[in-house]
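Chemist: Chains as they are written, first to last, in our numbering: chain A, 1 to 197; chain B, 1001 to 1191.
Keep in mind the hints are simulated off the structure, nothing from the lab. All C-beta atoms in this analysis are idealised placements derived from N, C-alpha and C, irrespective of residue type, glycine included. Among the hints, a few may not be true.
[Claimed, not checked] Taking lysine to aspartate or glutamate pairs in the EDC-like style, the calculated list, with each CA pair at most 20 Å apart, reads:
(1) B:1006 to A:172
(2) B:1006 to A:141
(3) A:144 to A:155
(4) A:144 to B:1024
(5) A:160 to B:1005
(6) A:55 to B:1024
(7) A:13 to B:1024
(8) B:1006 to A:155
(9) B:1006 to A:175
(10) A:13 to B:1032
(11) B:1006 to B:1016
(12) B:1006 to A:150
(13) A:144 to B:1016
(14) B:1006 to A:118
(15) A:111 to B:1005
(16) A:160 to A:150
(17) A:144 to A:126
(18) A:55 to B:1032
(19) A:111 to B:1010
[Claimed, not checked] Here are some of the chain A residues that sit facing chain B, going by a computed Cβ distance under 8 Å:
(20) 32
(21) 36
(22) 37
(23) 40
(24) 42
(25) 50
(26) 53
(27) 54
(28) 139
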Amino acid sequence: MEAELLELIRICKTGNRRGQTRLYERFTPMLYAVALRYTNTQVDATDVLQEAWVKIFRHLDSFTEHNSFEGWMRRIVINTAITHYRRNLKHVHHADIDEVHATPADFDAFKESDFTAEELMQAIAELPTGYGLVFQMYIIEGYKHKEIAEMLGIDLNTSKSQLSRARRYLQEVLERMSRRAQPLPVAAEETKKKTIR
Amino acid sequence: MSGFEKHMADVLRNHEVVPPAGLDAQVFAALDSAGASAGRSLMGRRLGGAGLGALLLISLGWYFGSMPVEAPVVPAVAESAVPQEVVVAPAFASEAVVSESMNPAATAPAKAEDATPEPAAVLSAKPNFVRQDESIASTGAQPVAVAPLEQRFVEGVEAGNTEGLDKTLLEAPEERDGVWRMKARVNVKED
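For reference, chain B alone in the conformation it holds in the complex (with noise of 0.2 Å):
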């Protein structure tokens, strides 16, 4: 670059002309409607977004208005599928508490409807796993009210009966819950 061309440069950089007037005026009223736009098509945005939102929801409501009310419909499930606490039982857990969802055999046809169930005869030839619909009579069990768990064990270990059951982990009552079904179904296999 010449020296004329950096003195070019040094004067035109610096440089200063005056506007016509009202170009201020032009200026503020372009910024104001850029602004303006801007909001505008924020607002259409928002618009647009809600009338969707508002469509879907109207969509959903005339889909599901429109179906017939109808009963829910449950699967069938087998009675004895249901895991229920079956006692025939004294008080204390060590002698029997069974849970019948402990017994394959019973579970098992509910699982798959075609599994051959297990004959009567086998099932008759377990005395401690007594079902809930079995008649008491066929077992000569009587039938107990049944306190909670909780208390059964607590009112067991109360009266001193803690066989069968680790006295370490008596020690940590938070556990004793688990430990004594655990416990309990150990005793009664045993048994």
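Chain A with its partners taken away, still in its complex shape (with noise of 0.2 Å):
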């Protein structure tokens, strides 16, 4: 860990309100998107990214040193959007979709190049909130099907078919952003041209 860090860490412990302010101001950024991630609205990100943050302050003596600090916030983010998405269970509607599982082989057709990170938030966004959390706990935060089976409370099992969900209902999602970003046939340019004269 840089030790740049280090010291404003410290200078944070000592509930220094510059110090606090500097470590919002540089990590804030990155954490938003992760609670934007998993509660999918801007209204729900900041209630929990406020809640995340009174948590990292109050709770920064507990951090050690040695271990990430960006990945110890992420996991106070993480474990306070969970809270939020349990909290307000009963609002949450699923969607329901085919029992068709998907592979990790079905992304395949997708070229790393095709979308930009705000098109991969906004697939993410439109996961159902169960199979978004779980997707997102396996595939970028890096859980084991255990671990993630404990955080949210549910069968180790549910936990591998919310996964093989997500992916079916990501690939969808995808699909359909990638034929609208598609430029249209020839044919078809040139009667709308004609239309419109």
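Quick one: dock chain against chain with the hints and give me the complex.
Modeler: Next comes the structure, spelled out in structure tokens:
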């Protein structure tokens, strides 16, 4: 860990407001992106991030400096988002999708350059919340199914099936986005011009 | 995990989004509020503890304050039960220094009220044991002003009157008081 960050953390541990502001400014864009991915709405993401920052500042003493500070903060945001999700579970409506499970190979049709980060964020945001949580925790954060099951309070097999469904759902979303982005065929372009005239 | 998924994970892990304006103010207000509420709860606990302590003190004060002031009750103890150094002796120990507690007959009635007291005839058959409450005239012994134990011992040794004393123990002055007592009692019995 860089010395400057270590010093900043030590300052923040004393409750220094300037240090806290610097830490906040440095990491909030990254943490806000995490919160946004796990909640899908700006309002919820703001709530989660606010709660997470309070936890970060109040529990800064428990952070040990040989660990990744970024990872520690990211985990707090994710845990806060999961708590937020559970709290609002009764308001979440799950979309029914086909029970056709997907495999990682289904994504091979897509090229890495096809989508920007914003588009990927948008695709993730379209996932039903339960699927989205499992997908992000497994694919992006690198948690194991056992860990995900414990954190979300679900069965191990549920975690696996949720991931599979999430893959299927995401594949459909990306295909739809890809179709929209494709240029129209030449014949269709000419017909369009004539109609405009 | 497919290559596309890995790419997606890398992109999203490093993605940053500018937060809405005013979030920082909300965060620090929440932080202050959380700190204040934590402080309040701590203060509440302290006040609660102090309140309980004050209540306890008031209760104790009321309890003891409402008790009638009476003379302390002292259990009746027979005079003879209190060990007393009774001396009917000349200046040195080897002749006669007696603790009344050595006489089991003297303490027995105090230990158990229903115990049968030793007949007076038996007591009178032990001329070396003199009770303080007995008439001096009955024993014929004269009361002697007694110096402190230590002083008597030292005076006895200085006067060369070491009869019945262990010489080796005399060389350990810190032990002499106890030894002196022991020897004196032995001597009394021998007498």
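Chemist: Could you work out which earlier hints the structure fails to respect and list their numbers in ascending sequence?
Modeler: Structure breaks hints 4, 8, 12, 13, 17, 23.
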